[in-house]
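Visitor: Protein chains in written order, with the working numbering: chain A, 1 to 292; chain B, 1 to 292; chain C, 1 to 292; chain D, 1 to 292.
For the record, the hints were derived by calculation from the structure and aren't laboratory data.
Don't take every hint at face value.
Given that identical chains are not distinguished, each listed pair holds provided it fits within a single copy or across any two copies.
[As the list claims (entries may be wrong)] Under the rule of at most 20 Å between Cα atoms (straight-line distance), these lysine to any residue pairs were calculated in the SDA-like manner:
#1 165 to 24
#2 107 to 132
#3 165 to 132
#4 185 to 232
#5 185 to 88
#6 165 to 241
#7 146 to 132
Protein chains: 4
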Amino acid sequence: MRDSNHRRVANVGAIQGETSVANSLIEARRELSLANRIVANEGVIDAFGHVSMRHPDNPRRYLLSRSRAPELVAPEDFIEYGLDSQPVREPSVTQYSERVIHGEIYKARPEVMSVCHHHCAAFMPLLATGTDYVPVFHLGAIGGIKPPFWDQHDEFGDTNMLVCKLEEGASLARALGPHWMVLMKRHGVTVACTSVRDCVFRSVYSARNAEYQVQALAIGGAIASLSPGETQLASQIVATTTGLTRSWEYWSMRVAKAGGAAAKPANKPAKPVRATSKPTSKPKRAPKARRR
Amino acid sequence: MRDSNHRRVANVGAIQGETSVANSLIEARRELSLANRIVANEGVIDAFGHVSMRHPDNPRRYLLSRSRAPELVAPEDFIEYGLDSQPVREPSVTQYSERVIHGEIYKARPEVMSVCHHHCAAFMPLLATGTDYVPVFHLGAIGGIKPPFWDQHDEFGDTNMLVCKLEEGASLARALGPHWMVLMKRHGVTVACTSVRDCVFRSVYSARNAEYQVQALAIGGAIASLSPGETQLASQIVATTTGLTRSWEYWSMRVAKAGGAAAKPANKPAKPVRATSKPTSKPKRAPKARRR
Amino acid sequence: MRDSNHRRVANVGAIQGETSVANSLIEARRELSLANRIVANEGVIDAFGHVSMRHPDNPRRYLLSRSRAPELVAPEDFIEYGLDSQPVREPSVTQYSERVIHGEIYKARPEVMSVCHHHCAAFMPLLATGTDYVPVFHLGAIGGIKPPFWDQHDEFGDTNMLVCKLEEGASLARALGPHWMVLMKRHGVTVACTSVRDCVFRSVYSARNAEYQVQALAIGGAIASLSPGETQLASQIVATTTGLTRSWEYWSMRVAKAGGAAAKPANKPAKPVRATSKPTSKPKRAPKARRR
Amino acid sequence: MRDSNHRRVANVGAIQGETSVANSLIEARRELSLANRIVANEGVIDAFGHVSMRHPDNPRRYLLSRSRAPELVAPEDFIEYGLDSQPVREPSVTQYSERVIHGEIYKARPEVMSVCHHHCAAFMPLLATGTDYVPVFHLGAIGGIKPPFWDQHDEFGDTNMLVCKLEEGASLARALGPHWMVLMKRHGVTVACTSVRDCVFRSVYSARNAEYQVQALAIGGAIASLSPGETQLASQIVATTTGLTRSWEYWSMRVAKAGGAAAKPANKPAKPVRATSKPTSKPKRAPKARRR
Numbered sequence: 001m002r003d004s005n006h007r008r009v010a011n012v013g014a015i016q017g018e019t020s021v022a023n024s025l026i027e028a029r030r031e032l033s034l035a036n037r038i039v040a041n042e043g044v045i046d047a048f049g050h051v052s053m054r055h056p057d058n059p060r061r062y063l064l065s066r067s068r069a070p071e072l073v074a075p076e077d078f079i080e081y082g083l084d085s086q087p088v089r090e091p092s093v094t095q096y097s098e099r100v101i102h103g104e105i106y107k108a109r110p111e112v113m114s115v116c117h118h119h120c121a122a123f124m125p126l127l128a129t130g131t132d133y134v135p136v137f138h139l140g141a142i143g144g145i146k147p148p149f150w151d152q153h154d155e156f157g158d159t160n161m162l163v164c165k166l167e168e169g170a171s172l173a174r175a176l177g178p179h180w181m182v183l184m185k186r187h188g189v190t191v192a193c194t195s196v197r198d199c200v201f202r203s204v205y206s207a208r209n210a211e212y213q214v215q216a217l218a219i220g221g222a223i224a225s226l227s228p229g230e231t232q233l234a235s236q237i238v239a240t241t242t243g244l245t246r247s248w249e250y251w252s253m254r255v256a257k258a259g260g261a262a263a264k265p266a267n268k269p270a271k272p273v274r275a276t277s278k279p280t281s282k283p284k285r286a287p288k289a290r291r292r
Numbered sequence: 001m002r003d004s005n006h007r008r009v010a011n012v013g014a015i016q017g018e019t020s021v022a023n024s025l026i027e028a029r030r031e032l033s034l035a036n037r038i039v040a041n042e043g044v045i046d047a048f049g050h051v052s053m054r055h056p057d058n059p060r061r062y063l064l065s066r067s068r069a070p071e072l073v074a075p076e077d078f079i080e081y082g083l084d085s086q087p088v089r090e091p092s093v094t095q096y097s098e099r100v101i102h103g104e105i106y107k108a109r110p111e112v113m114s115v116c117h118h119h120c121a122a123f124m125p126l127l128a129t130g131t132d133y134v135p136v137f138h139l140g141a142i143g144g145i146k147p148p149f150w151d152q153h154d155e156f157g158d159t160n161m162l163v164c165k166l167e168e169g170a171s172l173a174r175a176l177g178p179h180w181m182v183l184m185k186r187h188g189v190t191v192a193c194t195s196v197r198d199c200v201f202r203s204v205y206s207a208r209n210a211e212y213q214v215q216a217l218a219i220g221g222a223i224a225s226l227s228p229g230e231t232q233l234a235s236q237i238v239a240t241t242t243g244l245t246r247s248w249e250y251w252s253m254r255v256a257k258a259g260g261a262a263a264k265p266a267n268k269p270a271k272p273v274r275a276t277s278k279p280t281s282k283p284k285r286a287p288k289a290r291r292r
Numbered sequence: 001m002r003d004s005n006h007r008r009v010a011n012v013g014a015i016q017g018e019t020s021v022a023n024s025l026i027e028a029r030r031e032l033s034l035a036n037r038i039v040a041n042e043g044v045i046d047a048f049g050h051v052s053m054r055h056p057d058n059p060r061r062y063l064l065s066r067s068r069a070p071e072l073v074a075p076e077d078f079i080e081y082g083l084d085s086q087p088v089r090e091p092s093v094t095q096y097s098e099r100v101i102h103g104e105i106y107k108a109r110p111e112v113m114s115v116c117h118h119h120c121a122a123f124m125p126l127l128a129t130g131t132d133y134v135p136v137f138h139l140g141a142i143g144g145i146k147p148p149f150w151d152q153h154d155e156f157g158d159t160n161m162l163v164c165k166l167e168e169g170a171s172l173a174r175a176l177g178p179h180w181m182v183l184m185k186r187h188g189v190t191v192a193c194t195s196v197r198d199c200v201f202r203s204v205y206s207a208r209n210a211e212y213q214v215q216a217l218a219i220g221g222a223i224a225s226l227s228p229g230e231t232q233l234a235s236q237i238v239a240t241t242t243g244l245t246r247s248w249e250y251w252s253m254r255v256a257k258a259g260g261a262a263a264k265p266a267n268k269p270a271k272p273v274r275a276t277s278k279p280t281s282k283p284k285r286a287p288k289a290r291r292r
Numbered sequence: 001m002r003d004s005n006h007r008r009v010a011n012v013g014a015i016q017g018e019t020s021v022a023n024s025l026i027e028a029r030r031e032l033s034l035a036n037r038i039v040a041n042e043g044v045i046d047a048f049g050h051v052s053m054r055h056p057d058n059p060r061r062y063l064l065s066r067s068r069a070p071e072l073v074a075p076e077d078f079i080e081y082g083l084d085s086q087p088v089r090e091p092s093v094t095q096y097s098e099r100v101i102h103g104e105i106y107k108a109r110p111e112v113m114s115v116c117h118h119h120c121a122a123f124m125p126l127l128a129t130g131t132d133y134v135p136v137f138h139l140g141a142i143g144g145i146k147p148p149f150w151d152q153h154d155e156f157g158d159t160n161m162l163v164c165k166l167e168e169g170a171s172l173a174r175a176l177g178p179h180w181m182v183l184m185k186r187h188g189v190t191v192a193c194t195s196v197r198d199c200v201f202r203s204v205y206s207a208r209n210a211e212y213q214v215q216a217l218a219i220g221g222a223i224a225s226l227s228p229g230e231t232q233l234a235s236q237i238v239a240t241t242t243g244l245t246r247s248w249e250y251w252s253m254r255v256a257k258a259g260g261a262a263a264k265p266a267n268k269p270a271k272p273v274r275a276t277s278k279p280t281s282k283p284k285r286a287p288k289a290r291r292r
């Protein structure tokens with residue numbers, strides 16, 4: 001306060017910058033919390049499974065809830081992890097054991113901004129029989145044609161099936177390769193995306209497609225999949241139409257109706273997050289609001 | 001006010017006429033909004049799909065919601081379109097991309113007053129395998145015996161599967177032909193009807209029938225369809241019994257219970273709409289309430 | 001009032017008798033209303049289908065709601081019918097078209113006190129394929145082993161499939177014969193019972209059994225039905241255990257939770273109704289409360 | 001009060017001990033009530049089926065609700081039974097008829113602290129066809145590989161299928177043997193566990209696994225079960241991760257949302273119960289709160 005006018009202006013700017021970063025993080029946490037609640041409310045996840053996001057201001061970190069059923073996850077439940085899936089600060093709460101799924105994918109794929117791991121019922125018949133996923137309608141194109149399978153037993157033998165070790169996560173990330181969905185045989189599914197909302201969209205509509213495909217298989221007819229060209233074009237629907245905005249509003253309202261959302265749904269997506277986003281001006285002394 | 005008695009009476013008449021037209025439109029919008037919410041609440045539609053109606057006062061126009069999940073559609077969300085599927089006034093809100101489905105059917109079929117396009121889960125196994133729909137109980141007769149299939153790929157090759165171009169909509173309308181339901185392979189279903197309530201009834205009960213048929217196929221027995229004569233007679237149930245009134249009251253109350261209806265359900269259908277309805281007395285200067 | 005003491009006492013007695021009859025009827029209407037709401041809430045019935053009861057004071061009459069979805073039926077919605085399925089008084093409201101199903105069964109089977117007609121989804125795969133119902137668990141025994149099938153087409157050729165004519169109802173009642181459930185091919189199910197609560201129990205648990213049987217058929221294994229001896233013994237569970245009381249409390253609370261019950265569930269069944277119950281003392285001038 | 005200081009201290013100690021025992025029992029009843037509501041709310045149990053626990057202070061006794069649908073069971077509904085399945089005090093309320101299922105398992109297996117008997121829909125296709133249960137994902141490991149089948153008919157011929165006699169319960173307990181789940185052909189399932197929360201977890205996730213397995217069988221592919229090693233390791237997840245705490249919080253909140261929980265969910269499990277827990281200091285004159 002006793003400083004020169006110049007310094008004071010600079011200070012105000014710094015504070016505003018920090019505030020803006022903090023606000024963006026608050027918004028990101030709110031959106032990620034809602035994302036968790038949506039996938040739960042839409043039946044993709046029950047007590048197990050989780051949606052994470054890359055940290056909006058630091059691509060070497062990601063946010064994942066403390067050990068809690070996604071339907072209950074609140075904005076303040078997120079823990080900040082390094083890409084080694086170790087918490088930046090040792091939390092006083094319990095953690096998910098399968099967080100390496102997230103960390104290893106963020107490490108291997110810089111363009112991935114959000115990851116969802118789940119055991120959705122719709123997929124289980126495919127995962128139990130090793131049946132390939134194919135898109136049977138346009139919205140299912142988001143899962144790709146025959147996305148890769150991964151079986152933990154192949155590389156690690158008998159385990160408790162949880163993906164807890166760094167090498168297990170790394171193996172899964174290798175299986176994912178350049179794809180956006182990997183099927184974990186006799187376990188579940190992991191979906192990677194370029195934003196939190198895309199991640200929810202891909203998780204929900206690949207699950208719907210799996211449900212329809214399983215029922216189609218049950219009636220025994222030959223399944224007419226989308227062609228590679230159709231799959232490629234239809235997988236862009238989320239980016240080229242108003243469908244994602246429409247879905248997000250719909251899902252948010254359904255969460256609210258189900259009594260699960262304290263906060264009203266955000267009108268627009270949280271600040272776009274890029275792996276190449278420039279570092280904040282004060283990386284060493286991050287504003288308080290960024291941690292808890 | 002300073003005019004002759006005669007003129008004032010005439011004026012009052014004109015105002016009353018306009019008011020009555022406006023009221024009928026308000027009622028129509030309310031009914032169409034409820035129709036959208038019902039098909040959503042009954043599981044026929046999720047975030048994608050829509051119910052439209054031909055404009056009650058102008059058969060060359062139709063009403064379709066702005067881009068919004070049907071469960072959330074309110075009476076003020078409808079945009080007025082010409083049969084070329086262009087908005088009469090450029091709206092400030094986003095629009096559905098597949099509106100040509102509606103426009104081209106209204107263009108081709110003057111007796112069609114309402115159209116529903118959806119991707120109901122119950123139909124997807126049939127659409128994924130190209131299995132014909134057959135009525136397996138009386139209420140399913142409303143879908144006809146083996147209604148036509150349409151596959152966008154046949155005429156247009158690889159697309160993103162959305163029916164967005166006029167020629168795509170026209171192709172679909174040709175496939176529909178004189179029928180009331182057309183199955184869109186690897187995509188969804190489009191239903192045409194002579195009123196909004198009929199459209200909801202046909203959409204819901206054809207979906208129920210599809211669900212039962214798929215389960216019957218899954219147990220492998222030979223399906224005993226209704227005969228052509230039975231199908232013809234049973235498809236009239238909606239017109240000849242109290243079933244439609246009963247269903248509408250039931251579905252409206254379910255929407256209300258689910259917390260989705262702001263307005264209380266109308267006691268009677270909105271003013272019957274005919275393609276041949278005489279034009280309003282003042283087509284050039286439509287009352288304000290008709291647009292927004 | 002000016003009469004002798006003796007006469008006044010007699011009068012009071014007459015009034016009390018009438019009141020008691022009226023109370024029993026009020027209770028019966030309340031129970032029948034709840035029965036309709038329960039079968040709807042348990043997914044046995046949607047907008048179509050109905051539960052009736054024989055009139056508690058007159059075995060030549062029965063009570064059936066006006067044309068209304070069962071989930072909405074209130075105690076005052078019941079119309080009194082003769083066994084010819086004609087209303088005792090011409091009602092000012094619309095009526096169900098399939099009431100002869102009820103009337104003809106009450107005519108043919110004096111011990112039947114309640115009838116439910118429905119198109120429950122669980123049964124449709126059996127009805128669409130003509131697959132026999134068999135009990136696959138103890139509570140399914142209530143439907144019997146391979147209850148009779150009836151197909152309206154056999155006797156009446158092409159119809160709209162609704163059972164509206166007396167001869168159609170009589171044909172169905174003949175198919176039912178001494179059984180308690182008849183499967184109406186490509187249409188639905190009719191269940192007969194000795195009380196309203198039994199009727200709900202039989203409707204719900206035969207539907208659960210059908211659901212399980214259909215899923216068992218879908219996985220292709222040989223179905224191990226209950227033996228005839230087990231079926232006979234297990235079908236008595238409802239009469240010999242506390243299961244019916246427990247179910248009724250459970251279903252009533254579920255209706256209440258779903259926001260569907262204005263009245264609190266009755267603690268005990270309505271006055272037992274027997275076809276042989278002695279006529280009321282004043283059959284000619286039934287108390288007002290009995291009609292509406 | 002007029003006694004020596006020493007005696008008074010001793011008295012206070014005794015009172016505190018009693019209170020603590022009583023509190024532990026109150027907590028146990030609350031947890032067992034919630035357990036019943038959870039399995040109901042998660043669709044494992046409807047009006048029939050029950051969850052019991054061994055008495056926290058007396059391994060020769062167990063607690064089981066009076067005859068009531070589990071979704072409605074309150075802490076004060078539990079009756080205290082001896083291992084002969086006779087009530088310690090004759091209750092004024094009706095009792096479940098199948099309580100010997102619980103008593104005979106507690107008698108045969110001292111380490112079993114909680115038992116759940118149910119007829120969950122997910123299992124019925126397996127039970128109707130005698131198809132072996134296999135774990136198709138890690139959480140299904142809790143049911144074991146091919147747990148034993150029991151058919152009441154084998155030993156007892158035609159019955160009403162209810163397990164009501166001591167010898168029927170003992171036969172079932174023998175079939176269970178050292179396993180944690182026994183499949184009752186053409187009837188239901190019984191699950192044994194080392195705590196109430198484990199029992200809920202095992203009941204819910206074995207049911208989910210059965211659902212997935214049945215759907216996998218319906219699409220006809222060869223099922224890839226967990227290996228014996230994986231099954232062994234994955235069945236420990238509940239004991240070695242935060243999954244049980246997470247699930248319990250999730251299920252409790254779902255019960256609360258469904259309007260079924262008067263009490264707020266306990267933050268921690270009720271006092272661990274061991275068959276070897278030392279008897280209370282005053283077995284002869286149990287504190288009032290322990291009985292009702």
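Visitor: Now tell me, hint by hint, if it's right for this structure.
Guide: Hint-by-hint comparison with the structure:
1. 165 to 24: For residue 165 and residue 24, the Cα distance exceeds 20 Å both inside one copy (32 Å) and across copies (39 Å).
2. 107 to 132: neither (27 Å within a copy, 42 Å between copies)
3. 165 to 132: neither (27 Å within a copy, 33 Å between copies)
4. 185 to 232: Between copies, since 18 Å is at most 20 Å while 25 Å is not.
5. 185 to 88: The answer is neither: 32 Å in one copy and 50 Å across copies each exceed 20 Å.
6. 165 to 241: between (39 Å within a copy, 14 Å between copies)
7. 146 to 132: within (5 Å within a copy, 26 Å between copies)
In terms of the numbered hints stated before, the structure departs from hints 1, 2, 3 and 5, listed from lowest to highest.
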